[in-house]
Structures are given as C-alpha cells and as structure tokens.
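Starting from the known structure of chain A, fit chain B onto it as the hints suggest.
Here is how the chains run, residue by residue.
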Amino acid sequence: MPFDILFGAWVATGLTLFIFTFLYKDNPLFKLAEHLYVGVSVGYTIVKAYDTVVIRLIYEPMVKQGDWSLLIPLGIGSLMLARYVPKATWLSRIAFAFIVGVGSGLAIPRVISSFILKQVEDTVRPLVSIVGGSPSFTFSLLDPASNLNAVILLVGVVSVLFYFFFSIEHHGPVRIAAHTGIIFLMIAFGAAFGYTVMARMSLLIGRLTDLIEYAEPRYGRASLWLIAATVALLAAWSVKQRRQPAPPTE
Amino acid sequence: MIFLKRQLPLLITFVTGIVFAAQYYVPHPASEEMLTSVTKWLQIIGGFALILGVTSLFHIHAVKIRRKEPGWGYSFVLYAGMLGTIVIGLWGNGKEVTNGTMTAFGWIYNFMMVPLQGTMFAILAFFIASAAYRSFRARSREAAVLLAAAIIVMTGRVPLGEYLIPLSGDLTQWILNVLNASVRRAILIGISLGAVALSLKIIFGIERSYLGGGKE
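Same order as they appear, the protein sequences are chains A and B.
Heads up: the first sequence begins at 1 in my numbering, then just goes up one per residue.
Heads up: the second sequence begins at 251 in my numbering, then just goes up one per residue.
Only chain A is shown next, with the shape it has when bound in the complex (with noise of 0.2 Å):
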C-alpha cells in the first residue's frame, strides 16, 4: 500500500467522523473540520479559477496569439477592486453595470425562447391521437407521451399557474383550479423530498462504505482507531463542558 494512499485513509476517516460528530452536539472536533472544509474548498475555488482564468483566458490568449482585446475585461473587471477605495468605489458600479446589462439582454430572448415557449409548447399537445385516419386516446400512465398524461400535465401546469395567479379573488371556478393545483403542488414537494432523502442516503451509504473499506487491515484499521479515538476525544470534551460553570443568566 502506498503512503499516500494510506495517509490518505487515515485523514479522510478522520474528517468523515469528525464532521459525524456533530449528530452528538457541536463540538471542538465538527468545528475543525468545518473551518478546514471552507479553507480548502475556497483554496480549491481559486486554484481552478487561477488556471482557468488567469492561464487559459488570459494569460494563453494575450501571450500565445496576441489577443489584446483582453485588455478590455481586464480593465472592467479591474475597476470591481475600487470598491476597496472609498472615494473611488463608484467606479465599481461601472463593471456591475456592465455585467447585469450583458445578463440581462442575453436572458430576455433565451428565456422567452426556452422556457417560456419551450414549456408551454410542451404542455399544450394534441389531447387525440390519429391513427389510421380515426381519433384514438391512449391511456397508458406509464408512457409519459399517452393522450391521458399529456392531460394530466395540462391540467397540473393550468391548476398550478391559477394558484400563483393572485390578480382576481380565488372564487368559484378559479378556487377549485387554486385548490387542484395545491394538490399538484403537495405532490411534487413531496417527490422533491422523497428523492433529496434518497440522495443523501445515498451519499451516507458512500462515506459508510468508505469507513468499512478503511476498517480493513491493509488500511491498518484506520476507521476502527480513530473511531476510538474520536469518541475518547468527544467524552473527554463532554466531561469537561459539565465541570465548566455555567455562564451567569441575565
């Protein structure tokens, strides 16, 4: 087994049950690893910022192929950094005027385009097929093209837009299209949670899986001592805690 690898082990065990400590209380131990998680993700930003910034959109392109332009984001991009300067941070308002300007022209059309047409034109399909020259309806739940679905669908995109729809009083028709499109709603955050609870025990089958693979004695039971270790660790902190007196109440 290679060093690195089985350093590696050994660090990655003992920030896994770390962070697992916090299931207890908040402790010394959850806080160390959460504060190196936020350094090392931040460095790990900026690493792959430098790289693909800096190296490829820079550095490669003005150096290699002589592509000055570059001068012109660099220099609006530049002027972010006055807000750093107290009598020149209005020159930052320059470059956020540029970026939400760009964002905002780029996203009208394409939103239009792809979100609002796409989805309409998606939800509003022939409820009747034609085969072999007669109507036909198809309705099979399972295929979700059949004419019975494609009815459901209009029926839950309508019912829920009526609900959002606060410009005239739900009453009457309009009260059981709201109340319709509750329903829709209650099923779709439902099967949002469903599926979020099914990822994240997913990603706890794999940190276990990986705490297993470290117990084994290649890795010199990593996940066994450090289990242990942890755990005096957290007891000894607990003891502590309760000798502490309490802080005087206001």
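Possibly wrong hints are sitting among the right ones.
[Unchecked claim] Each computed PhoX-like pair below joins lysine-lysine, with the alpha-carbon atoms no more than 25 Å apart:
#1 K345/B to K290/B
#2 K48/A to K345/B
#3 K25/A to K314/B
Calculated from the structure, these hints are not laboratory results.
Same frame as chain A, but now just chain B:
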C-alpha cells in the same frame, strides 16, 4: 461627476442590455463571435468578483484572530487549509492527475475535499429524517398527499422498496415524469416571466438596486 457616478452605469446597462438582447436575432458570424467573446469576458470579470469574495473572507477571519474572539483558533485552521491548498495547487499547475499519477493537489481533492463535502451533505439525511418526523404528520388532506407522494418516491427509489411493493417503481416514475414535471413546468413559466420582467426593468433603469446605495 454626477453623470459618471449615476447616469453612466445606467447608460452602460441600457446599451449592453439592448445590444445583447438584439444579438439573439442576428444570425451572423460576427454576432456569434461577439457572443463568444463576451461570454469569456464575463468569466474574466467573474474572476475579479472571486477576489472580492476571498478578500472579504480573509478580512472576517483576520478580525476574529486580531480580536481573539471565541473560536479564533479555527480561523487559523481555515487559513492553513486555504493557503496550503493554494500553494500545493499552484505548484501542481492545478492538475489532480499528471501522467496517470495523483498529484498532491489530487490528494487534497480525493482525501480531504470529497470526504468533507460528502459527509457534510450526508449528515443532512439525519436532519431531514427528524424534520420529516415533525412535519409529516398528516394533519390535513394536503399534508397527507405530500406524505403519500414522499413515501411512494422513497420506496420506489430503492431495490427493497420495489421488491416489497412491485408497483412503487412505476408509480415513482409516473409521479416524477408527469405530476412533478407539470408543477416544475408551471413554476418555471412563472419564474421565467418574472426574470424577463426584471431584466426589462434593469435595462430601462427602473430597477437600480444592483448599483448599491450611498451618495458616492
């Protein structure tokens, strides 16, 4: 000076907004080239935004250390993690693997970032379960519908669930592909209408909060 501080940013937003909204309707290579260029420009400018964020994080923790606030030692851990990753990452040219061998930066990613990130999200499973226990009691018809949908989806997503209730897999697919899709579609249409309205307000200078307040 008022023009530079107030009107110029609004003018830049208006001109760039109109130009890039119009770009969509001009299927000319020059127009496509302009879009490609500005996309790269936005990435470069985004890099400067990252500098702002990182500087802010540095500042917050530097203050904690200087004032010796409770838990200031953890700020050292954060600094050590961040600076260590940056130095090792830049030393390895930001590559996790070189010639099929894991670099030190790759080691940090595989043995520190992945376990930390995975566990941080995995413990949410416990909190979600406890939240579910408190909120999933079927107090009303709507809550009962939510509970039923969640149970069906959870059952249909695991082999054991499908083994115990063979119909749950198909039912889950139907809920996700039809019922859930219809709601997502309606919400997406609503969000998109809002996004278009907000974009128009920004371009025409009605919405100015992105410029920040203050006299300067």
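Starting from K48/A, check that the Cα of K345/B is at most 25 Å away, please. It holds: about 9 Å lies between the C-alpha atoms, which stays within 25 Å.
Would the pair K25/A and K314/B pass a check requiring their Cα atoms to be no farther apart than 25 Å? holds (23 Å)
Would the hint linking K345/B and K290/B be met if the CA-CA limit is 25 Å? holds (22 Å)
Hint compliance for this structure: every hint is met.
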